[in-house]
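Student: Put together the whole structure using the sequences plus the hints.
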Amino acid sequence: MSGFFDWMRGRSPAKNSGTVAKERLQLILVHDRINLPPERMEEMKAEILAVISKYVAVDRDNVDIALQQRNRDSLIVAEIPFSQSHDSDEARRRLAKAADEAADEADDS
Amino acid sequence: MGAKVITVTSGKGGVGKTTATANLGVSLARLGKKVVLIDADVGLRNLDIVMGLENRIVYDLVDVVEGRCQLRQAMIKHKQFPDLFLIPAAQTRDKTAISPADMIQITDKLRPEFDYILIDSPAGIERGFRNAVAPADEVLIVTNPEVSAVRDADRIIGLLEANNKGPAKLIINRVNPDMVRRGEMMSADDVTDILAIKLIGIVPEDEHVIPASNSGIPVTLNENSRAGAAFRNIARRLTGENVPFLPMNDSVGFFQRLARLFTGQGE
Ligand SMILES: Nc1ncnc2c1ncn2[C@@H]1O[C@H](COP(=O)(O)OP(=O)(O)O)[C@@H](O)[C@H]1O
Ligand SMILES: [Mg+2]
Numbered sequence: 001m002s003g004f005f006d007w008m009r010g011r012s013p014a015k016n017s018g019t020v021a022k023e024r025l026q027l028i029l030v031h032d033r034i035n036l037p038p039e040r041m042e043e044m045k046a047e048i049l050a051v052i053s054k055y056v057a058v059d060r061d062n063v064d065i066a067l068q069q070r071n072r073d074s075l076i077v078a079e080i081p082f083s084q085s086h087d088s089d090e091a092r093r094r095l096a097k098a099a100d101e102a103a104d105e106a107d108d109s
Numbered sequence: 001m002g003a004k005v006i007t008v009t010s011g012k013g014g015v016g017k018t019t020a021t022a023n024l025g026v027s028l029a030r031l032g033k034k035v036v037l038i039d040a041d042v043g044l045r046n047l048d049i050v051m052g053l054e055n056r057i058v059y060d061l062v063d064v065v066e067g068r069c070q071l072r073q074a075m076i077k078h079k080q081f082p083d084l085f086l087i088p089a090a091q092t093r094d095k096t097a098i099s100p101a102d103m104i105q106i107t108d109k110l111r112p113e114f115d116y117i118l119i120d121s122p123a124g125i126e127r128g129f130r131n132a133v134a135p136a137d138e139v140l141i142v143t144n145p146e147v148s149a150v151r152d153a154d155r156i157i158g159l160l161e162a163n164n165k166g167p168a169k170l171i172i173n174r175v176n177p178d179m180v181r182r183g184e185m186m187s188a189d190d191v192t193d194i195l196a197i198k199l200i201g202i203v204p205e206d207e208h209v210i211p212a213s214n215s216g217i218p219v220t221l222n223e224n225s226r227a228g229a230a231f232r233n234i235a236r237r238l239t240g241e242n243v244p245f246l247p248m249n250d251s252v253g254f255f256q257r258l259a260r261l262f263t264g265q266g267e
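Heads up: the protein sequence lines correspond to chains A and B, in order. Read in order, the letters of the first sequence are residues 1 to 109 in the working numbering. Read in order, the letters of the second sequence are residues 1 to 267 in the working numbering.
Accuracy of the hints is not assured; some may be wrong.
[What the hints assert, rightly or not] To give an idea of the chain A side of the interface with chain B (calculated C-beta under 10 Å), a few residues: (1) Ala14; (2) Asn16; (3) Lys22; (4) Ile28; (5) Leu29; (6) Glu42; (7) Arg70; (8) Asn71.
Rather than coming from a laboratory, the hints here were simulated on the basis of the structure. Beta carbons are placed, not taken as given, at the ideal position from N, Cα and C, and that holds for glycine.
Tutor: Right, dumping it as structure tokens:
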């Protein structure tokens, strides 16, 4: 029955093979165009993350590094949020250090 | 004044390059243009068959390159259109018999006499493709709305851009409007979106095409053929005319669908 309402609206039910084809192609071409197979892409992402993690704590669960297409140009877009978690040792150390520095500054003035 | 050299190519084989070359040639001739078609698919000669000229071949492209005949002698005049010629490929040789420089030399000789030189390219990215593309002023990429054909088209588009032969224009062939409507085939918009080049024509899947090549009369001479009409439109676009795209299916409204349901008709 929902098929009928989809038909009324000029829509096809569920995800059809035309949509699947388009999505598969987009993924295939992203890698074809920069000549970087998916496994190498994963290695590259891991390395990018490792470099950034050397300087700041990264919220690894919410990292998004992906190739994008703008017309026929490819670009890599990375969203790498810093860690907010207050219970991590790292964050606590940073907070303590910042508090110390603030106290020192207050003493100086 | 000289001819424009247009090469028709694809990544994948069997997508409709030869069909497109024959029909664009005939359509341009019908518009009063002087046209010569070159079959650059050496070893897999085909264009002569689709054009219905296979019985009149004496010399071929390789004979010209190797000096066994004058260029003129290898040009077969079309029965119906005196300003339409075909230079056939050799059937028994391979693509290495010809170089990109040979193709440039031959087209340069033809340019002063013609309005359009259309080159039917072999599939793939090897020597035959490089021969076909070397003299091109403009390249048309033919694809079908299928994952593998579009992927291979993308590869060709990238190669052409890297060799400063871009931007190519796109012909999407064998679109089945009913399948697109049901969501079982990518639409012309989907394919154009993905390849991100300019679209010059959408040709529907059409059962008139095979009988036309069976009898050697290009389908565009059949006024009832939708594919034929699509090729005529592409030819007009090639001459610079602004021809709107036939609404094929992408935005069919409710009432049109309803009407079609009752009349049992397509577009
Ligand atoms: N629009 C179409 N509708 C139906 N059949 C087609 C259409 N275009 C091409 N064909 C058929 O597809 C086959 C391959 O076409 P062809 O032009 O020889 O491809 P290519 O030159 O790219 O190898 C042929 O049998 C041809 O008749
Ligand atoms: Mg062919």
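Student: Would you mind marking each hint as holding or not holding in the structure?
Tutor: Here is how each hint holds up against the structure:
1. Ala14: Status holds, d = 9 Å.
2. Asn16: 3 Å, holds
3. Lys22: 5 Å, holds
4. Ile28: Holds - the Cβ of A/Ile28 comes within 10 Å of chain B, reaching about 6 Å at its closest.
5. Leu29: 5 Å, holds
6. Glu42: 21 Å, violated
7. Arg70: Holds: closest Cβ of chain B sits about 9 Å from A/Arg70, inside 10 Å.
8. Asn71: 5 Å, holds
The structure is inconsistent with hint 6 alone, although it conforms to all the rest.
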